[in-house]
Every structure is written in structure tokens, then in C-alpha cells.
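Student: What follows is each chain in one-letter form.
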Amino acid sequence: MMKKSKQFWGFTILAIAIFVAIQFMISGGFLNNFYSNTLIFMAINIMLAVSLHLVIGITGQFSLGHAGFLAVGAYVSAIMTMKLDLPFFAAILIAGIAAALAGLVVGIPSLRLRGDYLAIATLGFAEIIRIIFMNMDYVGEAAGMQVTHLTTWTYTFICLFVTILVIVNFTNSRHGRACIAIRENEIAADAMGINTTYYKVLAFAIGSFFAGVAGALYAHNFYIIQPSNFGFLKSIDILIYVVLGGLGSLSGAIVATILLTIVSTFLQDYPETRMIIYSLVLIIVMLYRPKGLMGKMEFTDYLKMWMRPKGGSQHEQ
Amino acid sequence: MSNNVLLDVQSAGIQFGGLKAVSGFNMKINKGELVGLIGPNGAGKTTSFNLLTGVYVPTEGEIFFDGKKINGLPPFKVTRLGMSRTFQNIRLFDELSVLDNVKVAYHSLANDSVMSSIFRLPSYFKNEHEMENKAMEFLKIFELDKYKDETAKNLPYGKQRRLEIARALAANPDLLLLDEPAAGMNPFETKELMELIAFIRKQFGLTILLIEHDMNLVMGICERIYVLDHGVLLAEGSPEEIRNNPKVIEAYLGEEIV
Amino acid sequence: MEWLQQLINGISLGSIYALIALGYTMVYGIIKLINFAHGEVFMIGAFIGYISIAGWGLGFFPALLLSMTVCAVIGVVIERIAYKRLRNATRIAALITAIGVSLLIQNGVIYLRGAQPAAYPDVFANKSFNLFGAQISTQAILILSVSVVLMLILQFVVHKTKIGKAMRAVSYDAEAAKLMGINVDNTISATFAIGSALAGAAGVIFGIYYTKIDPLMGVIPGLKAFVAAVLGGIGIIPGAVAGGLVLGVVETVVSALGFSPWRDAAAFIILILILIFKPSGLFGKNTREKV
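Residue numbers (this note's numbering), protein chains in the order written: chain A, 1 to 317; chain B, 1001 to 1258; chain C, 2001 to 2291.
Worth flagging that the hints you see were computed from the coordinates, not collected in a lab. Even for Gly, the Cβ is constructed at its ideal location relative to N, Cα and C. A few of these clues could be false.
[Unchecked claim] In silico DSS-like links for lysine-lysine, alpha-carbon gap of 30 Å or less: (1) Lys1148(B) with Lys1134(B); (2) Lys2278(C) with Lys1020(B); (3) Lys1126(B) with Lys296(A); (4) Lys304(A) with Lys1247(B); (5) Lys304(A) with Lys1126(B); (6) Lys2084(C) with Lys291(A); (7) Lys234(A) with Lys2032(C); (8) Lys1140(B) with Lys296(A); (9) Lys2160(C) with Lys234(A); (10) Lys291(A) with Lys2212(C); (11) Lys304(A) with Lys1153(B); (12) Lys1020(B) with Lys304(A); (13) Lys2212(C) with Lys296(A); (14) Lys1146(B) with Lys304(A); (15) Lys1153(B) with Lys2212(C); (16) Lys1077(B) with Lys2278(C); (17) Lys234(A) with Lys2165(C); (18) Lys296(A) with Lys1031(B); (19) Lys304(A) with Lys1031(B); (20) Lys296(A) with Lys1134(B); (21) Lys291(A) with Lys1077(B); (22) Lys2032(C) with Lys296(A); (23) Lys1140(B) with Lys1031(B); (24) Lys2278(C) with Lys1153(B); (25) Lys1020(B) with Lys296(A); (26) Lys234(A) with Lys2127(C); (27) Lys1140(B) with Lys291(A); (28) Lys1148(B) with Lys296(A); (29) Lys1146(B) with Lys291(A).
[Said to hold, decoys possible] Covered by chain A, according to a simulated footprint, are these stretches of chain B (three or more residues, beta-carbon under 8 Å): (30) 1035-1042; (31) 1069-1081.
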């Protein structure tokens, strides 16, 4: 068990180092607004990717509606700060809880479905969520809602750190193993005493919680939120991060998110070109490397393989 | 009814659409017995297993396990009551390591909460530690301990079958259901497996119900045998009685193995 | 006679959904793929109709046939390039690829001609006549008659021709069909061709009826046609027609009752209800995984 706490401290130290370095660069004026905004945007995308990774990569439940929970988080947090004058950190927390509740409402009925039926049902739910916001006078209908800029690098980084820590710890526990067992063989998982419905819904709710937190940061980073920000395409954006990185690999999802965020920042003024590149990447990856960049491997697996003397595994027969 | 009865199936059956897959199925298994369930292809053996373990909900009859009515319970609850199984077509968690496959079965016996695993509280470490030790014990019995970090799908076929039994055993059952455990094994592997089954039965005080196609094998180790044909019970008795039962001989006539 | 008017509007809309839904359902029936790019084939069909009528001065029927032909070819090309390699891949990989193809076509068209909408030319004098107090336009009649004729032709092809028999055999059991000497690859291509041709026809009809088309026009009707296919029982041809008509009528009724902002939600609510309570659809049979 020493091994696991060592990994944890390694992760924490690395995270603090990254944070301090970037904070130093921001306050020292080495990073202008454009770059620091890109970093914040990247961190939000990583939170979205990692939270979807828990649902699709770990639990194997194919959701096409992640943007719906992002929308719930964004709108709820905006209501908290703009209408109820609550402090930002409270708004972030409430946004997460609201999105998790939405995750329960969506997950409990639809997680009985499998494969592409589940995908379509979640897509439908996300569209319904969007249409609800579009028809709510209270949040400005289709025109959207003004939001103060409150998201800072510090807030974003803390949220990102907590997201990754919670999801990694969850994954590496008996609960996470239960989720992976469901992904690998649902019938066998059930036969081994795992309450499959409970774990599917739990993974969905945790994933939605962090999508909601990401939504709070997202809303307070852009001055305005509109229902059109949270359509089907946004769900696909998040899906691409997870699929490109390798379904089941958290580090893969993070790497893919960083790469694609950089690409899309450069192509900001050419949205069609960006989407053409995205879609070609998606098709080519699925046709020629369906397991994504990293398959189900993590960075730590590569490290272990690298450090282990060769001839580690042997077969008989 | 003597309380020595572990499994009591009372005219259970299931209908898919208009088709009666199994009907009027009666079976009593006493604690500590090793019972065989045989029958020609398509006789409804696996369907009966699915009825017992809650994969299918019976449309008729009742099933009692250790005195508790279990029909209608989902599979995971049946498992937690003390009945676990293997599958005819191996169903391992392919991408998990051999060790983790067994640890998954230990899942419902651990008690660390989601919160304690997220915050890495002491109960998490205690439970993980226990799970790992227990799982290693089972792997040693099945001589799989040296493959513990191997991905399950990379094991050779015979070892995958063994791992599946080890996993079923880790769920701490009173009654173990084995669905064609020797399917696809060579005679030597089969013999080894049968000795292993006899060993774990004694070691863990298990009751075992097994489906098998290989008649010699069933006749060799089972104390009592049930014969299914076309979804109904054809005969029940000791291996000797079954061997001489004209109805059984008739049902198997033309089958490749007798 | 307000309700009669709404019913006719609903059936007109529904028959467009039905034509698109047929392609979804046929493709799903044969290779178990939700062809997300189907809505884009519908969009291309609308644009080809637009170019041939407004640009080349063709009449309605030649434009319809041209659009159907080009769409059939495009459907087959998509299948051969993107989907054929995925026959043995996971369902999720296939679905993601289909989403990719859909995005590629949308953005490819925007890249080539811009995102601005185009106004469909009038091919028929917009006359209407009175039936029991309801105003029925010539367009509505046109939509209905073209849809009915196409569906009858489809019914004939599926049940009376060799290729139709092959399609049914492959969708029932592709392996067995192969053993019986059926060319599975060609049969699947033919299914894509027929489905895409119907989507192309739906595109032209949509353009004429709603007079405005744009590169993203396929997204929502595509999703809704898929809902229609699920509603009728995916893989079942008459189910797709029934599902399309029901959906069209429901949407029109929701709008007529004064809830038009919620019109799009209606389709998705129907989708979710049907998936939860009867995932096999109104006409489908329940199946379950073998243990």
C-alpha cells in the first residue's frame, strides 16, 4: 500500500509545481491574457474529458449528452452569482450538486439501456435540458444570460486538481473495479455480486458532478452563456477528447484534450477548418487505431514497463 | 422438510414468448452434496442455471435457497446470499489483471465506502489489503499466483477456466454452480480440474452443482444426477440408476457421447 | 376545420420524416449502425435539387431523380470508405465514425459554399384549394403523392425483387446469407443506395415545402427521423413510416396548441419514453442477450 501513497504524493507535488510555475508566469507578466485564458479553457476541457472518461472509459456507458450537465452547471452557477449574489465558490459547489442531481434524473431511467440506445437516450436528454433553458424567461431564453468574469487560474486549478484526484482514487478502489467489471462484462459483474445499476448510476452522477463544476468555471469565464453553447456539438467535442486519448485511459484523455485545445485555439477564426480536422481525426482514429492514442494504458503503466527489466511476462502452453 | 436442504426448486419453469424452455423443474440439493445436471444439447441446462441465479425470472414455480425464496431476486443479490457460478462461454473481465478479476468477486464482502476510497481513509487501505491477501490465497490454490499481473484475456484457455472458478469461489459461496467447467479441456487438464474441484469442495465445505457434457466425468464424481431433456426433468438418481434408466438411454441415443 | 388543417400539415411533415427514417431503419436493420451521416445525405439531396432547379433550370421530376441518384452514389461511397472496415468493430467505434462522417459533410459543405441559407425556387404555382374548410396547398399534395409512390416502390423492391430478398436475408443473418451465396457487400451497398436515394428525395421535397435550406438543415430532421425509426421499431420498414407520421402529427399538434418553442422537445421526450418503456418500438419484438 506504500506504493499507492507514494503515487499520490508524487501527483500532488507535480501538481503544485505546475500551479506555482504558471501562477508565477501569470503574475510576472510572462503570460499575456490570451495564454492564461487558453490555459483556463484547457483546464476546463480536461475536467470535462476526465469526468466523461469515468462514464465511458471506466464504466463503459456510452453517453452522448455530457454537454447537458455542463449546461446545468453553467446556468445554476450563473443564477447563484448573478441573481442570488452568492460567492463564487458556493456557486461552483451548488453547480456540481445540481448537475449530479440532473445526472441521477437522466441516469436512473436511461442506464437500463445499452450501447447505442443509451447513447441516443442521453443525447435526447441533453437536448431537452437545452430546450428547457431556451424557454426559461428567468435565464434569458435564447439570448442567454450575462455572467460576471470570476473564473481565475487559482479556482480553475484547484477544481481540476480535485477532479483528477477524486476520479483517480475512485477508479483505483473496489468501487472503481466494480465499474470496470461492468464495462468488461456486465453479466459476469452482476453474477459476482455487483449491483450494476447502482454503480452505473453512481459513475454517471460523479461524472455529471464534475461536468457541473466545469460548467460553473465555463460560465464565469465568458461574460455570457447561451443555450446554443451547450448543443450536441459540445457533447461531441468532449467525446472526441476521450476517444482520441483512448477509451479507458485517463492520461490519454488529458493528453488528447491538451493537444486538441491547442489546435482549436489556433483555428479559432476558422471554425469549419477546425471541425473538418476534428471529424477527419475522429474517422481516421476509429478506422485505423480504434483504441485511441494510449489504449487503456496510463502514463504510470509506461513508467512501470520502462523501469521493469524485460521478460516480465511469460506464457506456458 | 429437513433443514439440511440447501437448494429447493419447486416446479420452476420459464416461458419465452410461446416457447416453454424449462418447465416443472424440481430439484433438491442437500448441504455438502456434489450434484450433476446433464442432458442433450438444448435440453435447458444453462437455462435452469440462469433461473437459479436470477438471470431469468421464473414464470412458474418457486426456488428456495437456504430456506429463503429467491425467485425474482436479481443475480447480484442471489450471489450475496451465497450462490455463485461460472459460465459456459467464459466471462472473465478481459482487460483486468488476473488478481483484479478475483478481487472483484470479493467486492461485496468488503465494506469501505465510496467516500473512504475517494479520501483514502484507513478503512480503504485495510479492505484493499485484506482483498489482496484473500485473492492471492485463491490464486495459489488454482496455481495462478504467478500470473497475477497478467491481463486475464492473455491467459491460455485452460487457465481462464480455472480463473473463472477461482473468481466464483472468492465470492464466498455455499453453493457453487459450474457450467461445463471442463469444456474444451484435454483429458489431462480435465482430470486435474476434477481433482481440484474435489479439493476445494472439501477445503471450503462447498455444495456443488455442475453441468457437464462429458458423461464419464459426471458419472465419476457426482453423487446424484438430474437429467433434463426438452426442458423437463427426465430422471433423477445415483449414477448407477441413471446409467440404467431406459428413458435416459433413449434421450441420448444418437448423441455422440454415452 | 382547424384540426383537419393541422392534420394535413402534420402528415406532410411526417412523410418527410418517414422518408428519412426509412434509410435509418434499413441501414440499422442490416448492419446495426445508426448512420448519423444520413441527415447530411438529406441535406445534400436538398442542395442538389436546388442547384438543378435554380441553376440548371430543370423541372421538379428531373431534379428529384437527379438528386436521388447522386445521393445514392454518395451513400454507397460513404459506406465503402468509412463503414465497411467497421463491420467487426465495436458498435461504439462505428457510431463515433458515423458522427465523424456527419460532421465532415456538414463542415465540408460550409467550407465550400458558406453557411448562409439558400431560398428554394418555386417550381409549382402556390395554389391551394379548399377541402372541408381546410386550405390544402399543391405542395402538400405533391409531398404526399411523391412520398406514397416512393414508399410503394420501396415495398415492391423489398418484397418482390431479388435484391430485396437478399437484403432481408442479410439483415436476418449475414453469415448464413453469405453461405447461401448472397453477396453481402453488394447487398449492404444496395441498402445504403436505396436509403440515401429516399433521403435525397426527402431533401428536395423539404426544400420545396419549407423554401429555405442550409448546410446544417440535416441535423434536427435527421435526429427526428431517427426518433421516428426508433418509435416504429428500428429495422422495421412499415414502422419507420408509421413512426414518421406519428411524430409529424404530434409536433404539429404541439405547435398548434401554442407550445411551438417546445416542439423540438416533444420528439426527444417521445424518444426517451419509447426507449425506456418499449425499446423495441411500437412494432418490434423484444430480444435479449444470450447468457
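Student: Now tell me if each hint is right for this structure.
Tutor: Hints, verified against the model:
no.	hint	verdict
1	Lys1148(B) with Lys1134(B)	13 Å, holds
2	Lys2278(C) with Lys1020(B)	23 Å, holds
3	Lys1126(B) with Lys296(A)	28 Å, holds
4	Lys304(A) with Lys1247(B)	61 Å, violated
5	Lys304(A) with Lys1126(B)	25 Å, holds
6	Lys2084(C) with Lys291(A)	18 Å, holds
7	Lys234(A) with Lys2032(C)	25 Å, holds
8	Lys1140(B) with Lys296(A)	28 Å, holds
9	Lys2160(C) with Lys234(A)	45 Å, violated
10	Lys291(A) with Lys2212(C)	41 Å, violated
11	Lys304(A) with Lys1153(B)	20 Å, holds
12	Lys1020(B) with Lys304(A)	54 Å, violated
13	Lys2212(C) with Lys296(A)	46 Å, violated
14	Lys1146(B) with Lys304(A)	18 Å, holds
15	Lys1153(B) with Lys2212(C)	55 Å, violated
16	Lys1077(B) with Lys2278(C)	26 Å, holds
17	Lys234(A) with Lys2165(C)	41 Å, violated
18	Lys296(A) with Lys1031(B)	44 Å, violated
19	Lys304(A) with Lys1031(B)	47 Å, violated
20	Lys296(A) with Lys1134(B)	27 Å, holds
21	Lys291(A) with Lys1077(B)	34 Å, violated
22	Lys2032(C) with Lys296(A)	26 Å, holds
23	Lys1140(B) with Lys1031(B)	26 Å, holds
24	Lys2278(C) with Lys1153(B)	35 Å, violated
25	Lys1020(B) with Lys296(A)	43 Å, violated
26	Lys234(A) with Lys2127(C)	43 Å, violated
27	Lys1140(B) with Lys291(A)	33 Å, violated
28	Lys1148(B) with Lys296(A)	18 Å, holds
29	Lys1146(B) with Lys291(A)	28 Å, holds
30	1035-1042	violated (count 0)
31	1069-1081	holds (count 5)
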